[in-house]
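*Asks:* Residue strings, one per chain:
Protein chains: 2
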Amino acid sequence: MAVFSAQEYGERLRKTRERMHEQGVEVLLVSHPANMNYLTGFDGWSFYVHQGLIVALDHDEPLWFGREQDSNAARILTSLREEDILGYPDHYVMSKLRHPMDFVADILKERGWDRLHIGVEMEGYYFTAEGFRVLGRNLPGAVVKDGTLVVNLVRRVKSEAEIEYIRQAARIAEKVMNTALETIVPGVRENDAAGEIYKAQISGTAEFGGDYTSLCPIMPSAERTSSAHLTWCTDRRYENGDIVLLELAGARHHYHCPISRTLFLGEPRPELQKIADAVIGGLNETVAFIRPGVTAEEVEAKWRESIAGTGVNKPSRVGYSFGLNYPPDWGEQTLSLRPADTTILQPGMCIHFMPGIWMKDFGFECSEPLVVTEKGCELFLNFERKLFSK
Amino acid sequence: MAVFSAQEYGERLRKTRERMHEQGVEVLLVSHPANMNYLTGFDGWSFYVHQGLIVALDHDEPLWFGREQDSNAARILTSLREEDILGYPDHYVMSKLRHPMDFVADILKERGWDRLHIGVEMEGYYFTAEGFRVLGRNLPGAVVKDGTLVVNLVRRVKSEAEIEYIRQAARIAEKVMNTALETIVPGVRENDAAGEIYKAQISGTAEFGGDYTSLCPIMPSAERTSSAHLTWCTDRRYENGDIVLLELAGARHHYHCPISRTLFLGEPRPELQKIADAVIGGLNETVAFIRPGVTAEEVEAKWRESIAGTGVNKPSRVGYSFGLNYPPDWGEQTLSLRPADTTILQPGMCIHFMPGIWMKDFGFECSEPLVVTEKGCELFLNFERKLFSK
Numbered sequence: 001m002a003v004f005s006a007q008e009y010g011e012r013l014r015k016t017r018e019r020m021h022e023q024g025v026e027v028l029l030v031s032h033p034a035n036m037n038y039l040t041g042f043d044g045w046s047f048y049v050h051q052g053l054i055v056a057l058d059h060d061e062p063l064w065f066g067r068e069q070d071s072n073a074a075r076i077l078t079s080l081r082e083e084d085i086l087g088y089p090d091h092y093v094m095s096k097l098r099h100p101m102d103f104v105a106d107i108l109k110e111r112g113w114d115r116l117h118i119g120v121e122m123e124g125y126y127f128t129a130e131g132f133r134v135l136g137r138n139l140p141g142a143v144v145k146d147g148t149l150v151v152n153l154v155r156r157v158k159s160e161a162e163i164e165y166i167r168q169a170a171r172i173a174e175k176v177m178n179t180a181l182e183t184i185v186p187g188v189r190e191n192d193a194a195g196e197i198y199k200a201q202i203s204g205t206a207e208f209g210g211d212y213t214s215l216c217p218i219m220p221s222a223e224r225t226s227s228a229h230l231t232w233c234t235d236r237r238y239e240n241g242d243i244v245l246l247e248l249a250g251a252r253h254h255y256h257c258p259i260s261r262t263l264f265l266g267e268p269r270p271e272l273q274k275i276a277d278a279v280i281g282g283l284n285e286t287v288a289f290i291r292p293g294v295t296a297e298e299v300e301a302k303w304r305e306s307i308a309g310t311g312v313n314k315p316s317r318v319g320y321s322f323g324l325n326y327p328p329d330w331g332e333q334t335l336s337l338r339p340a341d342t343t344i345l346q347p348g349m350c351i352h353f354m355p356g357i358w359m360k361d362f363g364f365e366c367s368e369p370l371v372v373t374e375k376g377c378e379l380f381l382n383f384e385r386k387l388f389s390k
Numbered sequence: 001m002a003v004f005s006a007q008e009y010g011e012r013l014r015k016t017r018e019r020m021h022e023q024g025v026e027v028l029l030v031s032h033p034a035n036m037n038y039l040t041g042f043d044g045w046s047f048y049v050h051q052g053l054i055v056a057l058d059h060d061e062p063l064w065f066g067r068e069q070d071s072n073a074a075r076i077l078t079s080l081r082e083e084d085i086l087g088y089p090d091h092y093v094m095s096k097l098r099h100p101m102d103f104v105a106d107i108l109k110e111r112g113w114d115r116l117h118i119g120v121e122m123e124g125y126y127f128t129a130e131g132f133r134v135l136g137r138n139l140p141g142a143v144v145k146d147g148t149l150v151v152n153l154v155r156r157v158k159s160e161a162e163i164e165y166i167r168q169a170a171r172i173a174e175k176v177m178n179t180a181l182e183t184i185v186p187g188v189r190e191n192d193a194a195g196e197i198y199k200a201q202i203s204g205t206a207e208f209g210g211d212y213t214s215l216c217p218i219m220p221s222a223e224r225t226s227s228a229h230l231t232w233c234t235d236r237r238y239e240n241g242d243i244v245l246l247e248l249a250g251a252r253h254h255y256h257c258p259i260s261r262t263l264f265l266g267e268p269r270p271e272l273q274k275i276a277d278a279v280i281g282g283l284n285e286t287v288a289f290i291r292p293g294v295t296a297e298e299v300e301a302k303w304r305e306s307i308a309g310t311g312v313n314k315p316s317r318v319g320y321s322f323g324l325n326y327p328p329d330w331g332e333q334t335l336s337l338r339p340a341d342t343t344i345l346q347p348g349m350c351i352h353f354m355p356g357i358w359m360k361d362f363g364f365e366c367s368e369p370l371v372v373t374e375k376g377c378e379l380f381l382n383f384e385r386k387l388f389s390k
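Protein sequences appear in the order of chains A and B.
Once you know that position 321 of the first sequence is 321 in full-length UniProt numbering, the rest is easy, because the numbers rise by one and skip nothing.
Once you know that position 269 of the second sequence is 269 in full-length UniProt numbering, the rest is easy, because the numbers rise by one and skip nothing.
Possibly wrong hints are sitting among the right ones.
[As the list claims (entries may be wrong)] The calculated SDA-like cross-link candidates involving lysine to any residue, where the alpha carbons are at most 20 Å apart (straight line), are:
#1 B:Lys314 <-> A:Asp90
#2 A:Lys145 <-> B:Leu97
#3 A:Lys96 <-> B:Glu22
#4 A:Lys360 <-> B:Leu13
#5 A:Lys360 <-> B:Leu265
#6 A:Lys145 <-> B:Val188
#7 B:Lys96 <-> A:Tyr92
#8 B:Lys302 <-> A:Glu68
#9 A:Lys96 <-> B:Leu97
#10 B:Lys314 <-> A:Tyr92
#11 B:Lys175 <-> A:Phe383
#12 A:Lys145 <-> B:Gly136
#13 A:Lys360 <-> B:Arg75
#14 B:Lys360 <-> A:Asp329
#15 A:Lys360 <-> B:Arg81
#16 B:Lys360 <-> A:Leu86
#17 A:Lys314 <-> B:Pro89
#18 B:Lys96 <-> A:Val154
#19 B:Lys96 <-> A:Asp102
#20 A:Lys175 <-> B:Arg189
#21 A:Lys314 <-> B:Lys175
#22 A:Lys145 <-> A:Asp90
#23 A:Lys96 <-> B:Gly24
#24 B:Lys314 <-> A:Thr310
#25 A:Lys302 <-> B:Arg189
#26 B:Lys360 <-> A:Lys314
#27 A:Lys96 <-> B:Glu298
#28 A:Lys360 <-> B:Glu271
#29 B:Lys302 <-> A:Asp90
#30 B:Lys390 <-> B:Ser316
#31 B:Lys360 <-> A:Leu80
#32 B:Lys145 <-> A:Gly136
#33 A:Lys96 <-> B:Glu271
#34 B:Lys96 <-> A:His91
#35 A:Lys96 <-> B:Glu82
#36 A:Lys360 <-> B:Glu83
#37 B:Lys314 <-> A:Asp329
Hint data in this document are derived by calculation from the structure and do not stem from the laboratory.
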């Protein structure tokens, strides 16, 4: 049943404790669904209510807390002890009278952890400002501090078992992109193409079943390609002359492999082809440069040098760390390829090199996800880098 | 292009201002993607970075703020004025050096709004505790207060145009459930069934194109049905004797119509049939009771009375307000059918009556989404209420 060995979960917990110790965090509240999964294997769409793990330096296993009706998921999916699975009654859910962090504060008090240094995921999606306020009000003797990246930074360097799941996700991602390139033709409704893409993602390959991805398929057409993060346009039919950006992914046990390509319906305009050539040239040069020991900002500088003089302007980051994740993002909020990010690349880091271009009227995307190896990097995908057209 | 008339957006803004005035909120920061969409039509998967609307009582239109690369989406999808679309540079994104709320605080200072009563969505997924801290640090003269439900409470009563989109979503939901009931047979991989379900959701019907839903398909099988919110089990094949819970939905322009049913592969065990009969009997009685003027807790009491003596135990809420939404939830965090919720039902409120049962070894689900009308309620679905088996 478990997606990883007990030994691997143990190692993750050990590294998390080590980092807690370094950062002066005695108790860590883990609300991020990917971090919960990473440490225990817990996996459900219950993160829309407050739930989490409590990792305490003086307790050997994490505690799970969450809504009572979701607690059997912890029993089925994790090896946590029965006495460490703490479900709260339903009257804590979305109530004006009580907050789940009241319940959490009671746990901390009962265990004598209410006067310690408590780390919380301040910048996490599923912790909330109100949770922070309620927790602080209940724990006047505690020092509540930011622990957003404690587990994320452990997750940033992947094990061989994790990298293998991303390789499997890459096979799904290739199938997904091929499905998109085949399905999108003039006259087809955009949502029908999106439906086929979703089916390919979730069904996966005959060998590797798929999973939902943390971002929905980003696939704007025509003028919508001038913005990042737009999806298909429901009911619209593709037309000759459309540019279509395809920012897709495959996922295997919540490990992602992203892939971005661009499709033009018809004969691409020269200005688009010129941008495509510049971006792909820069991408090729930059990927060849990536190796352990260089910094994130050096990779970005290499990219900027590669596209100098081509007329392409790229003011935003050109990549980020990715891996295990849940909606709304498959990025890890740690490494970004941009100036001032001095992270030193290490073997096992997974980076989506994604130099997306969004201009006034249209955009272009072509990306490569990769893992840093001992000597350079391994590309996850085997997928032609070009401006596709038909 | 716009999904609703300018008049409808104007009316929503007027009601929001009215509620702000009542609650003593002079400036409202709207981070919830559904609230952003509700007030302006903005729609993209960019909510994984900080973005929002700023609604000020002394400014006639909302301001949009967000990542620069996403700002063209505001230009394309909304009728906001160019000078009210404020993109921030990429170095604010997931940085240890700057926070997007620094940018927002600067806007508030420039406009002279930094000493007012400022409402923020404290319990929203996409505001964050860190955002709250940074905003407070930047605005020592402001009173920052909770405005989580300001727009949610306006949204709770739907217009006829909104209800029509939910009716369209219902046609999609029926197709989705039929797809699930047809596809799930012993020997099929669970992820392949899920792939067909996703395709049906997104493709929609010939008349009404679909959209992604705010929860993924919740479709546990076998022992996993003992927990709420579990999805399919990738790579597993359905077996004779499996119970499968199907908590699905259709969505049209982000307006949801949820639907829950239960499928048994084989001849259902008598204990399961008994629970199904009790739940469906209670559901029928309770739905017949729903009308304007009764309270949310009275509806729940009616349900509890209906199932008294059947052996069914349901300790959690039996329904909630739903409608326009984005991941991770299609519920609206306002009305819950449970004791102590004294909300009075009004025409235009949409409720998912969802008495999900999760026991030690298995569960059962059958639900009805409905809209409160002048005299009673209208059921959105035309779908048999029973324990399905094959």
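*Asks:* Sort out which numbered hints this structure fails and list those numbers smallest first.
*Replies:* Hints 4, 5, 6, 7, 8, 9, 11, 14, 19, 21, 22, 24, 25, 26, 28, 30, 33, 34, 35 and 37 contradicted; others consistent.
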